[in-house]
Amino acid sequence: MKMLVSPVANRDSHSPLSTPKADDLSMPTSAHAPATSPVDRLAAIANGDHVPSEVHPQMHLEPPVLEIKNFNLWYGSKQAIHGITMNIPNNKVTALVGPSGCGKSTLLRSVNRLNDLLNNVRIDGDMRLNGDSIYNSRMDVIDLRKRMGMVFQKPNPFPMSIYENVVYSLRIDGERNRGVLDQICEKSLRGAALWDEVKDRLTETALGLSGGQQQRLCIARAIAAEPEVLLLDEPCSALDPIATGKVEDLIQELRGTYSVLIVTHNMQQASRTSDFTAFMYLGRLIEYGPTTEIFTKPILKETEAYVTGRFG
Amino acid sequence: MLSKTTFTGRTRRRSTSLRVRVGDLVARVLITMGGIGTIVAVLLVCVFLLSVAFPLFRAPTIGPPRATLHDVTPTGPVALGADESGSVVWSLESTGRMMVSKAVDGAVLAVLTPDQTTLSHMTAVSVEPGTLDAVIGFEDGSFRTGRIGLESTFLAATDVPASLASIPKRGVGLDGDTIVFHSQTGQFSRIVPVCELLEPSSGVTGAPLQSVDCTKLTSGSLVAVLDSEGGIRVEFIESRRNLLTDEVIVTTSGAVITPTSMIPASFVRLSSLGDQVFIVWDNGLAERWDIRTIESPRLAESFNLTNAPTRIVAMEHLFGGMALAAADSDGIVNIWTGVRSDTATSSDGVTMTATKTFSGDGTAITALAPSPRSRLLAVASASGMLRLLYSTNSRLIQSLDTSDSKLLGGSASTVIISPRENRLIAATQNRMVAWEFNAGFPEVSFVSLFRPLWYENYPSEIHAWETTGHESFESKFGLIPLIFGTLKATLFSMLFAVPIALCAAIYSSQFMSSRWKNRVKPVIELMAGLPSVVLGFFAGLVLAPLVEQGLMPILTSVFLVPLTILAGAHFWQIVPSGLRSKWAGFRFALVSLVAIPLGCLCAHTASPTIERLLFQGDIQAWLDGRGGSGLGGWMLALLPFSGILAMLLLERLIGPVLRRVSQDWSEQQAALVLCGKFLVSVGLTLAIAMVAGMFFDSLRFDTRGGLFGTYVQRNALVVGIGMSFAIIPLIFTIADDALSSVPEHLRSASLGAGATPWQTAVRVIIPTAASGLFSAVMIGLGRAVGETMIVLMAAGNTPIMGWNIFNGFQTLSAAIATELPEAARGTSHYRVLFLAAVVLFFMTFVVNTIAEFVRQRFRRRFHEL
Ligand SMILES: Nc1ncnc2c1ncn2[C@@H]1O[C@H](COP(=O)(O)OP(=O)(O)OP(=O)(O)O)[C@@H](O)[C@H]1O
Ligand SMILES: [Mg+2]
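If you read the protein sequences in the order shown, they are chains A and B. Take the first sequence: its letter number 102 is residue 102 in the working numbering, and every next letter is one higher. Take the second sequence: its letter number 841 is residue 1841 in the working numbering, and every next letter is one higher.
Just so you know, the hints here were simulated from the structure itself, not pulled from any lab data. Do not take every clue at face value.
[Unchecked claim] Computed from the model, here is a short list of chain B residues facing chain A with C-beta under 8 Å: (1) Leu1751; (2) Gly1752; (3) Ala1753.
All values derive from a computational prediction rather than experimental measurement. Idealized CB from N, CA, C, for every residue including glycine.
Produce the entire structure from the sequences given, and follow the hints as far as they go.
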């Protein structure tokens, strides 16, 4: 099963192998995925071997909002994502966990095609949002992004007033009604647990906020856009426990109406907030299943090791 | 040897080594020196400019009076003069004696008594200031022309009499009857008193002559005489030397003038060109006679120099002969000049007009003397006041009280200004006083630099810059036309360059793929290095004729190219979305390769029709003001504004409705409707421009004479285009850097929120980069203000004030570049050019300071980024 492949060779020869067949997925402990020891499996991945993902059978029962199909991504000649196939369930919270540099942000940015902005990026495979192919040339990127809200790892408020930051997506849609804008601004800021801190200084520049406040502002900006899918890249990494709690409450509130894809390094957060958890390692999806199972009885020892903090 | 005790295995010395400290110090000293050196160098340039320009404003100096040169005979001098250097003075007394004396102490150098019996009967004398040409009128009505004064000839050092070799510089020595002057530069010259008169000619009636005047022309002398009974005669005395026999043949021609007034006139004055004679009566009436054909003088114009009971007591032509100074018994001196106009009632179309008034102290003027080298005037009045006036800028240079008994002890009856304007000499019946003086630069003052002045032969006050090499010409040192030209050049070139450069920068930083950008940007940056003389050559010699020929297509394409681009963008939306996203990468190519050429083609085909409809088929003639209504010009000028207005109107009026209704339309439908809206807005734009144009036209306002006017080949349009080539790369480069340095995460945030790249650019990128964009524009502005070669070669260098985009202008920099090499060092022209440099320096300084100020403000706003 050991196969040293260059990215290009990989692209050509790998896809039929990695295309998950239904029976493969339903039988996680098939011949393709021998129960090797953690060290073996991780070492195999580090060697560039193909190691199939362990996807819990429950995942196939959930209606997907986003289907990722054998997705590969290269930065120049360096491959950052290796054949990831996974479905993000509709109106549920899905957490992406994994050690630093494993490609979580890259995957997230691929969902709303922000990677298009980088000119050394090459992709292969496809994603579908509610059945619409994201990487199809007929897909209007702008419309696609309007259907998703994104909060970045680093806070990135615009150099405008707090108010204008929050209603940015409404502004670009040409909304002029002051009442609507005010209402949405307040609602979003409350949702992001920022309202009380900034309600008296809405016209001041957002750059005067602290790092944590800026991040919550970005969350408010994302939810003000009423997205179908909310992409959160470590939204709480710069927040104190109280604000983190509030953002988690917000995520709870959104569950059921929005589909949320959240990247986090905080295992408690993942277990508290998410319905499903995917464990990634070096650009590969290792294990994907309901959060309770991933945290209590994962199929793979590696996952267990990671979520319990023994490695990573 | 690595130690085992530390983490990295290396022990770090915890003190900075001497080498590093020394290097630090050296670097600091060098950098400080470099910085201070730069500041000092800039300051030195500034100090140098100021030091050259500053003497312009130095007050005139006048030395202590050298009183009582000599007590003259009781009858007093009838004529005064000085030699070229102003150090020797002569005076002709009514007895016919000519005294020559030193100006510094009055020591008599020579006494001449030429033909005293005749001269003692003289009744009127006139000597042209600064020359030896004279005419003397006698009791019996006859007159004689001749030469009176001091003639100086250079003397070789060997010819200087031994006794005079040691006279100090600027000193005068006498050896026998040889008068020698030793100049400041060490040159000796001999000064010879001259008093030679030709044979007498007879006057009109035989009555004593009361006023005479003469003018030396190249072929002979022109004389005008007036006798006490009012008889006036002009005579041209032509002396021709026969080249074979060496015989001098004198021929005279002339005529008697019979003025309309029967009262005897009080004096006559000839113009220095010899084309007219002025006859002045006591009561202020004056007649100007045209004597271009000497045998048949014609009355050109009669006018009033003053109103009775004020009497005109003296009238002289100013240097250059284009203006008259008339002094009256109220102490007022008026400057008159001939103004050509279509409405003039005179036979030659010229009207004498009073342009300036110098009021005195209320006492009558007793003597008036123009300077022989500038528009300086010396005026003495009955109170004993002696004033030096400058005509061009109406400036009182100096005012002296001579009534002191140690000085003249009364009012001067004669004054003169020496040929080099270094001595002022005044005499009463029995005293003569000389002052050494330095008028400085009387023609330059704040008023003459920055205010409109009434120059000679102009119908009104104007701002003018006109300097020629001819010394008798009235120099016009108004800097305003040059400053105006600089602003005009800047404005029009910025008008072209800023939109293009900023659009290009936005495009390249936001929309262009980096592969293309990496190729295009260096090319444009390379353009910034194009020598401006090449651009100037291109603009002046290639572009100017092209634009002249293709004016109408070019004007049309200015509007049609943006229109086709906009139309292209709208029709692009109709294209099925599948096809659209497939071709998305070629949008730029489509726009530049289809829309722009299409626009040019449309402009080319449509321009004859438009020209026929709006400009009578010939825009050049229309611009000339030959017929046609003002509508075309108004439409041209108003289209941009009406376009904006139409867009705003449509957006306000039907935008919300459209948005509401279009919610459930398909994309295709919406795009079609948008296209319709675009077409409507184009129509609306035209309609608004047309209605507004008709409205203004019906009010008889015309853009011709304002923004448009007669077409000159080298004009602001050509400069604007030419200068764009210099400025666009500059603005583009800086603006592109500013836009590209907006953090990527802001772009991601905006795009991630679903904004289009254009919305991202307008709402996030441009505001964030505003300070950089602003400095880009300001740097372009600084370049435009100081740019020399392009405006020199393409602007026509005519210092005209007027916004006409099709006319030329002259900028400060171009004036400095063209005129400084020709200006003699130390002259007022030279110094005024340096002053122009100071003004230019100041302008760029102001531009840069504003730029820096605004930039700092912007930066403070965004410093948290
Ligand atoms: N713009 C880029 N160009 C080249 N390589 C990149 C780029 N962005 C990310 N990478 C590489 O791709 C891999 C995945 O990066 P990514 O940012 O997705 O990691 P991550 O899982 O989000 O890590 P972290 O948890 O630290 O945020 C890393 O090895 C990173 O070095
Ligand atoms: Mg990340």
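So, going through the hints one by one against the coordinates:
1. Leu1751: holds (6 Å)
2. Gly1752: At 4 Å from the nearest chain A Cβ, B:Gly1752 passes the 8 Å test, so the hint holds.
3. Ala1753: Holds: closest Cβ of chain A sits about 5 Å from B:Ala1753, inside 8 Å.
Comparing the model with each earlier hint shows no violations; every hint is respected.
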